[in-house]
Amino acid sequence: MSAVVLTLRDGARSAIPIEAEAITPDRLRALDRAAIERLPLQHGNRSVALAEVFSVAGGGSDDLRLEGDLSTVKGIGAGMEGGRVIIEGHAGMHVGARMRGGSIEVRGDAGDSAGAEMSGGLLHIRGNAGNRVGSAYRGSKFGMRGGVILIDGSAGHELGGYMRRGLVAVRGDVLDHAGARMAAGTLFLFGSAGIRAGGGMQRGTIVCYQAPEMLPTFRAAGSFEPLFVTVYVRALVARGFAVERFEAVHRFARFRGDLAELGRGEILVAQPA
Amino acid sequence: MQIGGTFIDDTYAEAFTLRAARLLITADSAGWAETAARSMTGFATSVIGCGCEAGIEGVAPERTPDGRPGVRVLVFARSADDLREQLVKRVGQCVMTSAGSACYDDLPAEERVRVGAVLRFFGDGHQIGKRLEAALFPEEGARPRRLWRIPVMDGEFIVEDRFGVVKAIAGGNFLILGASRPAALAAAERAAAAIRAVPGVILPFPGGIVRSGSKVGSKYKGLVASTNSPYCPTLRRDVQSALPDGVESALEIVIDGLARTDIERAMAAGLRAACGDGIVRITAGNYGGRLGKHLFHLRPLLGGA
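Chain order of the listed sequences is A and B.
Quick note: the first sequence uses our numbering, first residue 1, plus one each step.
Quick note: the second sequence uses our numbering, first residue 1001, plus one each step.
Okay, chain A solo, but in the shape it has when bound (with noise of 0.2 Å):
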């Protein structure tokens, strides 16, 4: 067993987005070679043989790398269970959509929407991310409820959106409406948030090491040291993620809300030392 390599054909990337969610190590595990080449992707309103986009070596394998500036490939990895996926480039929307398990490292940046309503497994982006990570579809009650999500880079709007439970860190900075209408779960921003973090949140944590600009409908609830905080970002340091100058950061401040809402999620904001 070789692990599955996929490479964009020259002349294959066009504006035009192709729909991969059959690309998953979960699929690819059982499939020869042969098998995977004549998997169907949808290219704008026609099927294609995943042949037609991506030359394929090796095969029967659960680890898989892509290469290629797959920015406009969507749904890589949507719905795994399991395995691994390495992005060797960018990756298009929905990367790691509604996955359950295994990881996929983006080594470049990623489209909106990644991760979005994810329940397990671990989505590393090293690059930037787009709008909505780990948020929930519209119409959707949850956004994601498990796993976790890394950034290197900076994320986009309403990141983590309706989440239900996981775990999503930004080293970088993120824009507006982080943690919107939160149920559960926790962020860590590492760098800047944009306004309103945390409208309309019920419950959930949202970890700041810059001050956002606070919504009115929060009241702030003191400082203290939250140990809970240096367990998370040591897990982190040993995860590969390099927050280790933040390991050094105790104090908070706590602020809870949203009052508009149920008012019981904290968005902690890190005070000098």
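Derived from the structure by calculation, the hints contain no laboratory data.
All values derive from a computational prediction rather than experimental measurement.
Where chain B lies over chain A, by a calculated footprint (3+ residues, C-beta under 8 Å):
#	region
1	163-173
2	230-238
Here are some, though not all, of the chain A residues that point toward chain B, as calculated from beta-carbon distances under 7 Å:
#	residue
3	G121
4	L122
5	G147
6	V148
7	F224
8	L227
All C-beta atoms, glycine included, are put in the ideal place defined by N, C-alpha and C.
With the hints as your guide, set chain B onto chain A.
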């Protein structure tokens, strides 16, 4: 077989199966971690009278979950249910109450008992659960861990939801027969010190030494254990004594361990350390197969036949 002038009896120690949990207690300083650990392992010398046997295994590894100094504690009880009951009481009364403490599971196991899951109700509705997702841990097959944040007067008490339980062995032992009481005590202290350096074991008795060893049964109905009369020097003329001439004092070392190999290592280290001047003989608590199924022959542990 003789080591350093001490005769090693050709006999075995008899030990029995218990269930064990390993806790990692952290605090602001090593001193406070030890204070919490000592408090929770108090009155835990024997399952017969205390409900569990517990002790400090040693200082925690450098990298504790929260980066603070820590102490490892082992707790042994007859069943997983007994262990759960003891852990809830002892963590609740002795660790949660200790300033700045936190308490983590330190024994990955299939079987787990609810501890923080019960203690969380002390939070009176203000407790918050935090789930450390399985994907945070690089180990294959890792499971999520849930921590409870229980509000207390100095901040938050962090306690793990469940603690792993494994089958373990209790009652590894040997008896040090000395020419005098000071000689026997000095030898027992040397043995206890040597055993404390072995991971995976505890010495549940005071100072790691037992002066009131017991035999199985009693002349009195309902007593499951009574004084080990063959080894009591004052009963030489009253019972069939096991003490050879020239022995004035006997002390016992009792060892509980997570695995057979841990106890073997500990017994070997302790036996070697105990031998020497003033120690006439070393023997073991051999109950003729009535106490437990785990037998530890002394001489093979020391490289003898």
